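Asker: Quick note, the sequences are listed as chains A and B, same order.
Every letter in the first sequence is one number past the one before it in my numbering, and letter 171, counting from 1, is 171.
Every letter in the second sequence is one number past the one before it in my numbering, and letter 273, counting from 1, is 273.
Since the hints were made in silico from the structure, they are not lab data.
Quick caveat, the model's predicted, so the values are computed rather than measured.
It is possible that some hints are incorrect.
Treat identical chains as interchangeable: a pair holds within one or across any two.
What the hints assert, rightly or not - Below, computed lysine to any residue pairings styled on SDA-like, alpha-carbon distance capped at 20 Å:
no., residue 1, residue 2
1, Lys3, Thr106
2, Lys2, Gly291
3, Lys222, Ala59
4, Lys41, Arg130
5, Lys16, Gly131
6, Lys64, Cys177
7, Lys16, Gln289
8, Lys25, Arg200
Each chain is listed here by its residues.
There are 2 protein chains.
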Amino acid sequence: MKKYVVGVDVGGTNIKLGIVHPRGKVIARTCFATSPFASSKIRLINALAGAVLDIIVQAGLTKKDIAGIGVGLPGPIDHAAGVVRFLPNIPGWRNVRLRAILGQKTGLPVVVDNDVKLITLAEWKFGAGRGAANMMCITLGTGVGAGLILNNALYRGEGNAAGELGHVPLNEFGPDCNCGGWGCFETYVGNRCLTARANRIMNARGMTLERMYASAKTGNRKALRFWHETAGHLGNGLTGAVNLLNPRLIVIGGGVSNNHQFLFPTIKAVIRKRAMATQAAMVNITRAQLGDDAGIIGAQVLVLANHGHT
Amino acid sequence: MKKYVVGVDVGGTNIKLGIVHPRGKVIARTCFATSPFASSKIRLINALAGAVLDIIVQAGLTKKDIAGIGVGLPGPIDHAAGVVRFLPNIPGWRNVRLRAILGQKTGLPVVVDNDVKLITLAEWKFGAGRGAANMMCITLGTGVGAGLILNNALYRGEGNAAGELGHVPLNEFGPDCNCGGWGCFETYVGNRCLTARANRIMNARGMTLERMYASAKTGNRKALRFWHETAGHLGNGLTGAVNLLNPRLIVIGGGVSNNHQFLFPTIKAVIRKRAMATQAAMVNITRAQLGDDAGIIGAQVLVLANHGHT
């Protein structure tokens, strides 16, 4: 019986692969650097196909055990057509028919989707969002994205582009954003902006968010203020989504969310103060649970959903 | 065959009733002022029950022709339980079991919901939003609300409180709002704020939005600037919803939307400039079509949906 899924999580830095058990457990993993293959999309697709076939063998399985391959990629994806529109951080990818090409190279059914949508599906089915009918799952990183589970289903919007929380304006006037807009949430809480602000506040160069976290743990007042201000921006940005969507749950993942002890109390306080009473009382804010495996596990959810197994 | 619906649209100023044909046409209408009944909720409910029974007779129908009564009210409603949580503009209404009470008094099935949700259902089924799977319907007035059609269904959120676009922050810091928050969209584009700004700009007292519209039509530069600035705020506020929800359509209704000639071009230009390319290219902005009848027609959509007729 075909019940395992090969999950592929394509990132700008690394590509992770895993074999996922029907209950969401990752039973085999592999990982390779993106950069050696970033120069040519066909080299990258060949590497993906090879790694998929390898990991199946390494796990002691055959293609007959595999329901399909799910691939998450960091950019806008035409999920229905199986086409990668483009990848901001991997050059040369524009309107690539990845589902068809990878399917042909592996002989297995393929589904492709945006990586944040896969992470959202994973947290919803197997992580922090189990049982939530209405939730938002946020990833904090260089980019800030969100996936929406609404009425017990992944909400894609008209063109699979819903969830761009990072590009919801936080202010009418604000810093220019590389999306072409300005004042976007990401220009306040994306890693690049946070790192620049950390260097300014600490009057230093080469300051990292990890060091700001370590400093905050030692009680450094500037570092504590830095995280407090960051949490304030996060709370302000989430208030709009809370009032508009009345979710039961907001799951926060991505690197910065490791600093939850310096972020979550302020985020919650801002939402309690600023959002409407009904919505504020109903929403819970929690950390993502699946960490680096989320993308791979989400690929499993998507593949099995597409095959009518869930 | 029970196929007609009695739609009731409870407002702070007037209460409108109508008999709605299965195809969405209003075949009989009546209207009475709210204020004589606003002092006591049971007097208001009695007036509603009497008006419902009267209009059925006046239309030459009997209760046997009526599938049910749909009531829209301006405030948070527990639709599932049939309970009015409270009405900001009609005192004394707090946790009123309107579905049960009105059902008993009329002998007809009753559904109750928030008025903006009913307007949204009406525009979606019979108005500007026909055929849209993902749309937002906005009402501009003293309050600014929105209804969301997502994945071909009304999206209610966890507690039927979704759609509070008027209380999505437009800026991190901004005017206090009567919701308890600050910087809310409504504090920039709600009628009260707009009227105050009009008086300031025209250096006058007693300036109305109707007069600002008339002045703009004569080419008055201050009035034109006023509407241009208003449209700028509207465009900025909608950009967030466009990026987050990737809707196909935004339908704009309510009094201020009559000034569409001075609003829509700027709103569209702001969204084109500020929203992400994919989302901006997909969204259409259009006027509501059903005007004052929308609430009554939406009641029909809700009643027939609850009876499984649609």
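Asker: Now, for every hint given, state plainly whether the structure supports it.
Answerer: Against the structure, the hints:
1. Lys3 x Thr106: within (17 Å within a copy, 56 Å between copies)
2. Lys2 x Gly291: neither (26 Å within a copy, 55 Å between copies)
3. Lys222 x Ala59: Intra 49 Å, inter 72 Å, cutoff 20 Å: neither.
4. Lys41 x Arg130: neither (36 Å within a copy, 42 Å between copies)
5. Lys16 x Gly131: Neither: 27 Å inside a chain and 41 Å across chains, both beyond 20 Å.
6. Lys64 x Cys177: neither (47 Å within a copy, 60 Å between copies)
7. Lys16 x Gln289: Cα proximity of Lys16 and Gln289: one copy only (18 Å, versus 51 Å across).
8. Lys25 x Arg200: neither (43 Å within a copy, 63 Å between copies)
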